[in-house]
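Asker: Residue numbers (numbering that gives the first Met the number 0), protein chains in the order written: chain R, 0 to 248; chain S, 0 to 427.
Hints are computed from structural coordinates only; laboratory data are not their basis.
Among the clues, some could well be false.
[Claimed, not checked] Straight-line alpha carbon distances no greater than 30 angstroms define the calculated DSSO-like cross-link-like pairs of lysine-lysine that follow:
{"#": "1", "chain 1": "S", "residue 1": "K364", "chain 2": "R", "residue 2": "K157"}
{"#": "2", "chain 1": "R", "residue 1": "K216", "chain 2": "S", "residue 2": "K364"}
{"#": "3", "chain 1": "R", "residue 1": "K82", "chain 2": "S", "residue 2": "K105"}
[Stated by the list, open to error] Under 10 angstroms between C-beta atoms, here's a sample of chain R residues computed to sit facing chain S:
{"#": "4", "residue": "S78"}
{"#": "5", "residue": "F93"}
{"#": "6", "residue": "P98"}
{"#": "7", "residue": "G136"}
{"#": "8", "residue": "S215"}
[Said to hold, decoys possible] Label-pair restraints from in silico Cβ distances:
{"#": "9", "chain 1": "R", "residue 1": "E59", "chain 2": "S", "residue 2": "H216", "range": "52 to 60 angstroms"}
{"#": "10", "chain 1": "R", "residue 1": "S55", "chain 2": "S", "residue 2": "L362", "range": "13 to 21 angstroms"}
{"#": "11", "chain 1": "R", "residue 1": "G54", "chain 2": "S", "residue 2": "R103", "range": "43 to 51 angstroms"}
{"#": "12", "chain 1": "R", "residue 1": "G37", "chain 2": "S", "residue 2": "F122", "range": "32 to 40 angstroms"}
{"#": "13", "chain 1": "R", "residue 1": "E206", "chain 2": "S", "residue 2": "E289", "range": "21 to 29 angstroms"}
{"#": "14", "chain 1": "R", "residue 1": "Q212", "chain 2": "S", "residue 2": "G188", "range": "48 to 56 angstroms"}
{"#": "15", "chain 1": "R", "residue 1": "K144", "chain 2": "S", "residue 2": "L233", "range": "40 to 48 angstroms"}
{"#": "16", "chain 1": "S", "residue 1": "V421", "chain 2": "R", "residue 2": "T214", "range": "21 to 29 angstroms"}
{"#": "17", "chain 1": "R", "residue 1": "G37", "chain 2": "S", "residue 2": "H216", "range": "54 to 62 angstroms"}
Even for Gly, the Cβ is constructed at its ideal location relative to N, Cα and C.
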Amino acid sequence: MKTILRSIAAAALALLATHSFAQDVPTLLKAADRYRVGSENMQVDTLISVFNADGSPDKERRYTVFAQAKHQSLVLMQSPAEKGQKVLMLGDDFWLLMPNSQRPLRITPMQKLLGDASTGDIATMSWAEDYTGTVAGLEDCGEPKQPCVHLSLAANRKGVTYQRIELWLGKAKHEPLKAELYVQSDKLAKQARFVTDKAAAPTVVTEMVLQDQLTSKKETRVRYLARKEHSVPEAWLNPMFLARNPALE
Amino acid sequence: MIAKRTGMSVKQRAVIGGLGALLALGACGACLAADEFSGQTRPSWTEQGANPNGPLAQAAGLNSGIATVPRSGATLETELRASGHGLSGTVTLQQQRLEGTAARSKAWVNELYAATGSGGWQFSAGKRIVAGDVGYGFRPNDVVQQETRRTLLASTAEGRPLLMAEYFDASTAWSFVAVNPSKPRAQRGAEEPAFAARMYQRDGAVDWHGFARYGAHTGGSIGAAAAWVANDALELHASLRYLNAADSTAIDTATVGGSATGIVRSNPWADAKVRHATQLLIGGTWTNAEQLSVLAEAWWDGTALSDAQWSDWNARNRQLAALVGTPAPTAAVAGNLAWQANAFGASSNLRRTNLFMRVSWTLDKWQPAIDLLYTPADAGRTLTASLGWQGDRVRVDAGLRVYGGPGDAVLAQLPARRVAYVAGTWSF
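One chain only, chain R, in its complex shape (with noise of 0.2 angstroms):
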């Protein structure tokens, strides 16, 4: 009998504290956030090493991502195979700009999905403004184990690179620890485990660590080398200013 009225009481209370986290997603989503930004306008500087199935190296790329508010975002190619070329996004409107060409190139959505990262998971930074969603339960996640809040995500606008999002975030600090990332299809397309500066007490996600489910299997890691606040001028956010290949940094 103890033991049958100490499972409901578990259960109660389980019960809740995913509704006390129920009332705030938003909030929590913004706490998560922070870990992987420290502002509204930022200019972050990336790695991107990308690993095959059997754990060898396949391809180096660094980005400098100028994130900014209201959705709008510009990523600059640093590595020489890519040097020169940009993607502007503006909330759901992307441009790719070639170093040989001085035309911005409209491209669609699916155009975006560039690669083993694409250009979605280096320059969207923010969770709170691109995502709405509720608390599915309290569960524990990580290595080593530790009490999660599992947040089941769905966009809120349709230029995002997933549509849905299975966040685990600590229970205690709110820190991102893993996430399942899923296209329009709803396919599962990664899994995303964050790697933060200190595990006891995390104050930044040093790298993710994106694992391909749809077809490649390969192994992305994000790096982020360098964060400052950065507000970029007006004109740096026109597609025809940066087709002109202007000095941006």
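Knowing the structure of chain R, use the given hints to seat chain S on it.
Answerer: Structure of chain S alone, referenced to chain R:
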């Protein structure tokens, strides 16, 4: 290119070109360490198969030295880019060895310009690439740069001398350009001095462009273009331009008509103008989640030779070919046939109506593609298959282009029947 304009010897061109390249970079020497310096080097091999049909092949058959036949060969091209302190430059150094010819070197400056800005305004002066428009296979509104389209290997265009003022805000851009300002008014084509203006307006899923150009001797032209992302997978675009006049090449019908045999003593093809011409392109790109992409375009180029002109051209080819074996001098027949190849350079499109489709796929590091250009007026076609591989610093490209169609199709009478290529690009 430097070499083409000065008419110097190959060695002089190479030396001056190289000096130009060094000067271009030297001018920016102070900025190299502080700002941007990058480049690429690309060795390539091109194998060209001569076309056994067409007027040039017939001319070469009669007199082997009278016409330049397509040659296979190796090319090493190095492109250097530097920018900083308001200066930007790109130079290209090229060494080429074609079969049966001596190796030759040349160099040219793609861009070298100074730029500065104040508020929303940007000003630049020098040699610069300024391109616009929304098409892939044809760009009617490339009113300054006039890039060569559908090339086998992507390469940086050569800019034009210009003075430019531009204004940018968040969603609008205005450009005012004086292109080739120091060139004589009589210069033709892309060398013609002109004023050009462009307006850009971003409006959600649609990009709007407006164009105007006034050429020193071709007069005014106006144009408009739009690119619209219709849904997650589909982009549609269109471009329209009306020209008061365009430079072209046409046969002197009076001279040719005055000869009973069709043989004339001097090249009957001469500079000409096409008046009141329209150019129109419509197209779209569809891409799926697996990165399979289909591009389809159709265009009309009113500056290209008309169906009647091509019909007359074919008739003259037949008339001249029929003289072989008659008392008509062989050298004269060969020369007149070779002059017929002037028609290929009359405009950027051979036929006025063109259909184009390209299917490409991005599969990790591999990019296979196949495309077809079809000219409905004579069922001519150009089929290109290519495969690219992109590594961290190295890119490898290979492909094959085949020209074909019925015997009287223009594309089936070009000097080359097929072109195969392989190239490796190392970026630094």
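Asker: Determine for every hint whether it applies to the structure shown.
Answerer: Quick rundown of the hints versus the structure:
no. : hint                                  : in the structure
1   : K364(S) - K157(R)                     : 28 angstroms, holds
2   : K216(R) - K364(S)                     : 14 angstroms, holds
3   : K82(R) - K105(S)                      : 25 angstroms, holds
4   : S78                                   : 7 angstroms, holds
5   : F93                                   : 8 angstroms, holds
6   : P98                                   : 8 angstroms, holds
7   : G136                                  : 30 angstroms, violated
8   : S215                                  : 6 angstroms, holds
9   : E59(R) - H216(S): 52 to 60 angstroms  : 53 angstroms, holds
10  : S55(R) - L362(S): 13 to 21 angstroms  : 19 angstroms, holds
11  : G54(R) - R103(S): 43 to 51 angstroms  : 49 angstroms, holds
12  : G37(R) - F122(S): 32 to 40 angstroms  : 36 angstroms, holds
13  : E206(R) - E289(S): 21 to 29 angstroms : 28 angstroms, holds
14  : Q212(R) - G188(S): 48 to 56 angstroms : 54 angstroms, holds
15  : K144(R) - L233(S): 40 to 48 angstroms : 46 angstroms, holds
16  : V421(S) - T214(R): 21 to 29 angstroms : 28 angstroms, holds
17  : G37(R) - H216(S): 54 to 62 angstroms  : 59 angstroms, holds
Hint violations for this structure: number 7 only, all remaining hints satisfied.
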